[in-house]
Structures are given as structure tokens and as C-alpha cells.
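Residue numbers (my numbering), protein chains in the order written: chain E, 1 to 112; chain W, 1 to 235.
If you are wondering where the hints come from, they were derived from the structure by calculation, not from laboratory data. Being a predicted model, the structure only gives us computed values, none of them experimental. Note that the Cβ used here is the ideal one computed from N, Cα and C, for glycine as well. It is possible that part of the hints are untrue.
To be verified - Here are the simulated DSS-like pairs of lysine-lysine, each with C-alpha atoms no more than 27 Å apart in a straight line: (1) W:K135 x W:K109; (2) W:K233 x E:K4; (3) W:K211 x W:K75; (4) W:K135 x W:K183; (5) W:K109 x E:K4; (6) E:K4 x W:K182; (7) W:K182 x W:K233; (8) W:K75 x W:K135; (9) W:K75 x W:K109; (10) W:K78 x W:K109; (11) E:K4 x W:K211; (12) W:K135 x W:K211.
Claimed, not checked - Far from chain W, by Cβ distances over 10 Å, these chain E residues were calculated: (13) M1; (14) K4; (15) T48; (16) A56; (17) A96.
Stated by the list, open to error - Chain E regions said to be covered by chain W (calculated; three or more residues, Cβ under 8 Å): (18) 24-30; (19) 71-84.
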Amino acid sequence: MSVKAQTILWVTQRASAAVLALCVTVHLATMVYAIRGGLSAAEILSRTKGNAGWLAFYAVFVLAVTVHAPIGLRSVLLEWFGWRSASRDVFLVGVAMLLGALGMRAVLGVFL
Amino acid sequence: MMQVRVWRGKADGAFQEFEVQRHASQTVLDVVTHIQRVLDSTLAYRFACRVGMCGSCAMTVNGVARWTCRTHVDKVVKKEQIEIAPLRNLPMIRDLVTDMSEFFDKWTKAKGRFEGARTRSDDFARVFPDSEDRKLVDAGIECIGCAVCYSSCDVVSWNPDYLGPAALNRAWTLVKDERDSKKIERLRAVAGDAGCHSCHTHMSCTERCPKQISPTAGIAGLKREVSLALFRKAL
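Model the full structure from these sequences, guided by the hints.
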């Protein structure tokens with residue numbers, strides 16, 4: 001992988017971290033606020049189903065995780081296991097796709 | 001008297017114990033020299049100036065990389081015991097001597113050589129000491145290449161390709177030198193997995209540098225400069 005590509009990965013990870021900082025804060029604050037009076041799962045679903053705003057928010061959240069986590073894992077695999085060959089990047093593309101698929105499945109699960 | 005454990009042999013070696021008399025204002029280098037001159041002449045170690053100018057006597061004292069010539073025994077001795085080992089992250093040659101080739105090769109890889117654009121027929125460059133860039137250069141320029149930072153860096157031990165704090169600090173002082181003409185080439189050399197982007201900002205280099213330089217700050221500066229070069233499509 002070229003130095004330029006490695007730099008793009010680094011910048012992308014920092015940018016996705018900034019998005020995640022916002023998303024995690026909103027996510028946690030909403031959860032704490034929503035369930036403080038004892039909200040049931042059915043009541044939560046009634047608010048999220050068909051709500052395009054929450055769909056967009058959690059789609060961005062999942063996208064940020066999909067980008068952020070595999071790039072971080074790339075360094076972990078190098079530093080802990082010495083895995084530096086191109087196969088590492090192929091594996092991480094797989095991890096990203098899995099994270100994206102599982103994340104969007106959960107998001108659509110509470111939207112549809 | 002104090003017990004001094006000194007590393008002997010190569011990586012598969014072991015510590016050997018010596019008893020050494022305590023003296024006032026005694027440095028760790030004095031202790032090593034005493035052992036080599038009086039107790040065991042086969043002990044290999046490296047030193048030159050003895051006054052903190054050359055950077056050749058750095059060793060691991062009680063687990064911490066230090067200049068032994070500028071480390072008083074009083075400051076590091078614990079229960080009348082001291083452990084002296086070679087620098088970490090460098091191949092051992094014998095006893096307390098490490099092979100520094102890799103360390104200096106990485107300075108070359110980081111393009112740590114000044115590349116000016118002027119010739120001897122040009123006038124002197126006028127660099128103002130109070131300019132922002134020159135202040136940044138001055139903050140990092142006093143490095144004497146002792147490898148204490150390199151030995152203290154966890155990223156170097158995890159990723160042997162990592163250029164390390166000293167080479168990156170050197171590159172930073174050149175990137176900020178307005179007379180230098182190879183900025184983009186140098187940024188390419190220090191970016192990516194083996195360069196500034198691998199730094200975890202643990203700051204062990206900054207904590208241990210005997211010259212009070214902060215390679216961490218220089219590496220952060222390189223990250224900024226590389227990102228700017230990327231956005232300007234210059235990388």
C-alpha cells in the first residue's frame with residue numbers, strides 16, 4: 001500500500017472518530033433520556049419504525065464504525081501479531097463488510 | 001557497598017553481580033568504569049565525553065534508558081542495588097554495547113539530511129530567530145543521537161520498521177527549516193505505517209529525552225504537515 005493511501009486511511013480514521021464522538025454521545029444521551037421513565041421495547045420500536053431521522057442517524061453511525069474499526073484493527077494486527085502482508089488488508093475489507101452488514105441489519109430492524 | 005547487576009553477553013546472556021564502593025557524586029558511568037578497570041576487564045561498554053555531549057554512554061539503568069554519565073548513583077540506587085543493561089530496541093553486540101546502525105539508518109530513511117537550494121555563490125539565507133518556524137526548529141534541534149528515546153519507544157518494539165522518535169524529530173526540524181528544499185520528499189518518507197502515523201503519543205520519548213526535547217510534538221507536527229500536503233494534492 002502506498003504512503004499516500006496509508007495517509008488517507010489515517011485521516012479517514014481521525015475523521016470517523018470525530019463523527020463517532022458525536023454519534024456515541026447522542027446515542028447514550030438518548031438512551032438514558034428515553035428509558036428514564038421505564039420505556040418498553042415495543043414503545044421504543046413504535047418511535048423508531050418509519051422514522052427517517054433515526055434511520056439516517058444510525059446509518060451514519062454504522063458507516064463511521066465500518067470505516068473506523070478496521071483501520072484501527074490494522075495497526076493492532078501489525079503491532080501485536082506482526083501481520084503486515086497484503087492479506088491483512090483483504091481480511092480487513094472483510095471485517096468492514098461484516099461490520100457494515102450487521103450494523104445496517106440492526107438499523108433496518110428497528111426502522112422497517 | 002552496593003550490589004550492581006550488569007548484563008553480560010548477547011540477547012541470550014544474563015546479569016552478573018558485582019560489589020562496588022559508593023562514593024560522593026558517583027555516576028553510573030563511574031560504576032561501570034570501575035567494574036571494567038578493577039573487577040572485570042572483559043566488560044564491554046561504550047562512552048566518550050563523560051559530560052553529556054556525545055550521547056554514546058546511554059544504557060538501561062533500573063529499567064529506564066539514561067545517559068549513564070549524567071545519572072548520579074544517588075538518584076537511581078534502590079536498597080543499595082542497581083541494574084545496568086544495554087539499551088532496549090537495538091541489537092546487542094556484547095554486554096552493554098548495542099549496534100546503533102539500524103538507529104542511524106532510519107535517520108537516512110527519514111531523509112534526515114539538510115538539502116539546501118542555494119550555492120556557495122548565493123548570499124546567506126536570513127532566518128529570523130523569532131519566526132514561528134525557527135522557534136519550532138530550535139525546540140528540536142539539540143538532539144545528539146543518544147537513542148534514549150528510541151530505546152524507550154514501545155512502538156519501535158512492536159513495529160521494527162517504525163522510524164522512531166529521533167529520526168522523526170530530525171525530519172521535523174528540517175521540514176520547518178525554511179532553507180530546506182526537499183519538504184515534500186521528506187514528508188513522503190516520514191508518512192504511513194513506518195512513520196509518524198504509527199506514533200501512539202505515549203510520550204515516553206518526551207519523558208526520557210535528556211535534552212528535554214519533545215519528539216512527540218514534532219511527530220504531531222509531521223502528522224499535520226502530511227495531512228495538509230495530502231489535502232493540497234502534493235503528497
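Cβ separation check - E:M1 to all of chain W, threshold 10 Å: Not fine: 8 Å to the nearest Cβ puts E:M1 too close to chain W.
- prompt: Regarding the pair E:K4 and W:K211, is the alpha-carbon distance no greater than 27 Å?
  reply: 33 Å, violated
- prompt: Regarding the assertion that E:A56 does not contact chain W, is the least Cβ-Cβ distance greater than 10 Å?
  reply: Correct as stated: the minimum Cβ-Cβ distance to chain W is 27 Å, above 10 Å.
Beyond 10 Å from every chain W Cβ - status for E:T48: Non-interface label on E:T48 holds, nearest chain W Cβ at 37 Å vs cutoff 10 Å.
- request: Could you grab the alpha-carbon distance between E:K4 and W:K182 and see if it respects the 27 Å cut-off?
  value: 17 Å, holds
- request: For the pair supplied as a hint, W:K135 and W:K183, confirm whether the alpha-carbon distance does not exceed 27 Å.
  value: Answer holds: W:K135 to W:K183 is near 18 Å, not above 27 Å.
field: Holds or violated: W:K135 to W:K211, with C-alpha atoms at most 27 Å apart
entry: This hinted pair holds, its Cα atoms lying about 16 Å apart.
- prompt: Straight-line Cα separation of W:K233 and E:K4 no greater than 27 Å?
  reply: 10 Å, holds
- request: Tell me if chain W covers the segment 24-30 of chain E under the three-residue, 8 Å CB rule, please?
  value: violated (count 0)
task: Could you grab the alpha-carbon distance between W:K135 and W:K109 and see if it respects the 27 Å cut-off?
output: The given pair, whose Cα atoms are some 25 Å apart, holds under the 27 Å limit.
query: Taking 27 Å as the top limit, are the C-alpha atoms of W:K211 and W:K75 close enough?
result: 18 Å, holds
W:K109 paired with E:K4 [C-alpha distance capped at 27 Å]: This hinted pair holds, its Cα atoms lying about 17 Å apart.
Violation of the numbered hints given earlier is confined to hints 8, 9, 10, 11, 13, 14, 18; the remaining hints are satisfied by the structure.
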